[in-house]
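Undergrad: Chain by chain, the residues run as shown.
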Amino acid sequence: MQYLKPASFEEAVAMAGEAHGDVRFLAGGTDLLVRMRMGRVPDVLIDLKHIPGARDIVCEGGGWRIGVAVPGAELTEHAGLRADWPGVVEAIGLIGSTQVQGRATPVGNLMNASPAADSVPALIAAGAEVEVLGPKGARRVAVGDIPTGPGQTSLAQGEVISALYLPPRGAHGGDAYQRFIPRTEMDIAVVGCAVSLSRDGDVITEARVALGAMAPTALMVEEAAAALEGTTLGGEALAALGEAASAAGEPIDDKRGTAKFRRHVAGVLARRVALVAYERAGGAK
Amino acid sequence: MALDEGKDVKGGHDAREYDHEGEFRHVGTRPDRPDGVDKVTGRARFGADAYAPGMLHAAILRSPHAHARILKIDTSRAEALEGVKAVVTRADFASGLEGEDWNILENIMAGEKALYDGHAIAAVAATSKFIARDALELIEVEYEILPHVTDVDEAMQPGAPVIREGAAEPGVPEGMHPNVVRYHESGHGDVEAGFAEADLVIERHFTTEATHQGYIEPHACLAQMGPDGRGELWCTTQGHWNVQKLCAKLLGVEASAIRVTASEIGGGFGGKTTVFIEPVAMALARKTGRPVKLVMSREEVFRASGPTSSASMDVRIGMKKDGTMTAAEGTFRLQGGAFPYAPMEFTAMCAFACYDLKHVRQRGFDVMTNRPKQAAYRAPGSPMAAFAVESVVDELCQKLGLDPIEVRLKNAAREGTRASYGPTYPRIGLVETLEAARAHPHYCAPLGPNQGRGVSCGFWFNFGGETSVTLALSMDGTAQIAVGTPDIGGSRASMALMAAEELGIPYEDVRVTIADTASLGYNEISHGSRVTYASGLAVIKAARDAKRKLIARAADKWGIDPEAVEWRDGAAHPAGENAGDFEPLSIKEICAEMGATGGPIAGHYEATPEGAGVSFATHIVDAELDPETGKTTILRYTVVQDAGKAVHPSYVEGQFQGGAAQGIGWALNEEYIYGEDGRLQNPGFLDYRIPVASDLPMIDTVIVEVPNPGHPYGVRGVGETSICPPLAAVANAVSNAAGLRLRQLPMRPARILEALEAKADGEG
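Chains as they are written, first to last, in my numbering: chain A, -2 to 282; chain B, 145 to 908.
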């Protein structure tokens, strides 16, 4: 295995372009190193941690630019991010253990492309984007367009994500994320649900709902969002939201849960998460 | 404990050893453990921490099939790989073995058939781990895939695939499937007459899944064998004499040819009472003439070490309106993998052991399936029995409107009770645990919505076993004890406390070492909750032996009879005024002169103590159910258990808490999940869900001390009984919270939710 340490993302792209075989980018490494220990060692490992800016959180145009090597532990302690995007931050904070949080990054979570990744539904609901850099230059891509299936992404060979962008929160907005696991931590979501919404007074003006582990990729659920918009989150709206969440995706039966259980819990979580996001949008801490 | 130890001594033996009078000075205190600093600084050496010059690394090829005939193994390509020094298959082990020796060999290296997913087929030793792994891929195995069965009930059905023809022992009822290999029946009285006296009879069916001990340290060893046929083995084990015995048999060499040293152990809980990789490493070492290190991955631990049995059980109990149990019977079917000796007789014998029953009958079936060979797990067989029996007792109490602790007190076994499995109990402490539970503030604390409380009792035999200890005194009067039982629960601290108590010297003046197999007589495995009892008894007796010798030296010096000398406060004193007027001789003074007064002084003890003293516990647990998701939260947990005498109370409490934690996992989320293909679906801690710290409340403990007549200080083993009640206690709590009975473990959220939905449908 060849280990490379580029000084810029452009150099990283160039290195990847010249490399042969299995090329992997290293940020936190919490998925990659586990795989390598299991014997799946790449031919070329390109370490992004040392690129200037890769470990920075910057407020930009009212939103946030997050470097690809910023670990969960720093994100969850960042007052500005916590104030704007508490749902995104709580989702990132659920990844792994305290020790893992010292290394794990949201972009790594995204590129691992697990349908059950915790941060991805929250980032989708938040409308987050990433900057993808490749031989043909840079482009901005919505987070939801990155994973294409379990372990699969839309990035072409030689492309790398150079930053994660969270949009400006705007006034009277709130987001939240919860997952269902049989334990209290150190587990993988059986279902994950994120809701981001904005309020005008008591009325929800705009909402985005995303589910994890209900389909081969994390899922935006337009029907669930529609069930919220224009309502004050009364009983009917919650019921409609739950039904839309339960109906979404194409969950499977596996060792972590049955499709039936996943559908049921998706509805339960959607209602619970919407209530938290609604409270937060109303100014609750 | 091993299955061939089902002697009638358990619980019934009347070994009078208890002789303690007055206050204890050391026993019952809580000093730091002697191995503590090594463990927190990383200096402690575990199984994988051994290295040797020229060491090779080994890896094992494992069957991907649940059941397959091995038609051909071609190792030539692997052997040709640069860096590969040897490949072994079954042909490299002893032939002509019988009984359990053959079973163990068959398990550690497949013969004609692969019997489960993960079954070892061949092993490689190479100059690096990666080369060894690469070489595995070059071994060509031709399989003929056979139909498989992994479920205990399915394995008993007509037409189920036969694991091994002719494996059944005599005594199995006629007409049973060949997979049923052993049968047990015991009890007394006339159960039908007893049921006729009952006001309410309840019969229910229960199932539990196989669980793993979940020790944090995977199996690991370093083996060497020279051209003279003499070998050394370093390994993580609960019993290195047993490892020595088994390796010798499986390799076809004499026991003394292999000296085994037990490393520090990162947990065992019964799972390290046998061998899995040690004979394989020895065979590779013998073939290569080089040291060979073999370390299991976590996946291998799950697939190919020994989990528990899974069980299918039917329990029927009759009760009068006043709570008197009139009769009980149970049928317990356990699968123990593709080999005999699932601990079904322990399940049957423990099932009703808490109760004074005039009419009781229990049956056990030992069933083979295509799963790994089960190994002991903390009170093997007992937790599932308690789950079934204590669930029915709880339901009877509920239906008759009776308090679950009062009913248990009314029926509790006491001194003189004829146990359900045969013997008559000597002094036991079940009633005392129930009374302490009833008096505990937990039992009457208020419960909120969706919360339920569960109570359960549990029983375990405990065990003695072969024990050999030496206590050597140094010239400066400090003591060095060699014991043969690996320290799996803080036993070095307990041994040092007991020696300090006897000799009257400070705790810090005693060093306890786990000696290798060349240093002491045979020592039975650290299992059966035997260490503090049996090694402790041996330490006390060895200290008394040393004391006699110290007294003799003092008597000699004073020119009086040894009978006229007594030992107290770490010194010899004249026993009375008639003995003469002499200044006391301290242990330091006597030891300083030992060379000139008769030579080194050491105490010894070798025996098979048989008064282990059965142990009972009562647990109380509060659980809260999320009715929308079926998820259970354990809110509060209290363990009340009879320890006889707690030598080091902190480690007794640790055993209580550990058993409860493992039992909670077994009850709620732990299970071996097999796919349709017979492959294990969750061989890792991500999807094999042991509780994490945040899943558990602080587990409260109450130590009850009803002295065991079979130990000088009254000690009873405490390691295992603590896992007997939790399955039932948690099930009773969840059932009471849910308003319906859950009779299948684990009570994973989806299962609870389904039960809730079925109940709602039924009511709607």
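Calculated from the structure, these hints are not laboratory results.
You may find that some hints are simply not true.
Claimed, not checked - The calculated DSSO-like cross-link candidates involving lysine-lysine, where the alpha carbons are at most 27 Å apart (straight line), are: (1) A:Lys252 - B:Lys903; (2) B:Lys464 - B:Lys502; (3) B:Lys701 - A:Lys257; (4) B:Lys691 - B:Lys701.
Said to hold, decoys possible - Residues from chain B that keep clear of chain A, each with C-beta distances beyond 10 Å, as calculated: (5) Arg234; (6) Phe274; (7) Asp297; (8) Thr468; (9) Leu544; (10) Arg712; (11) Leu830.
Since the model is a prediction, treat every value here as computed from it, not as a measurement.
Here a beta-carbon is modelled for each residue, glycine too, at the ideal position from N, C-alpha and C.
Undergrad: Any of the earlier hints contradicted here, and which numbers?
TA: 3, 6 and 11
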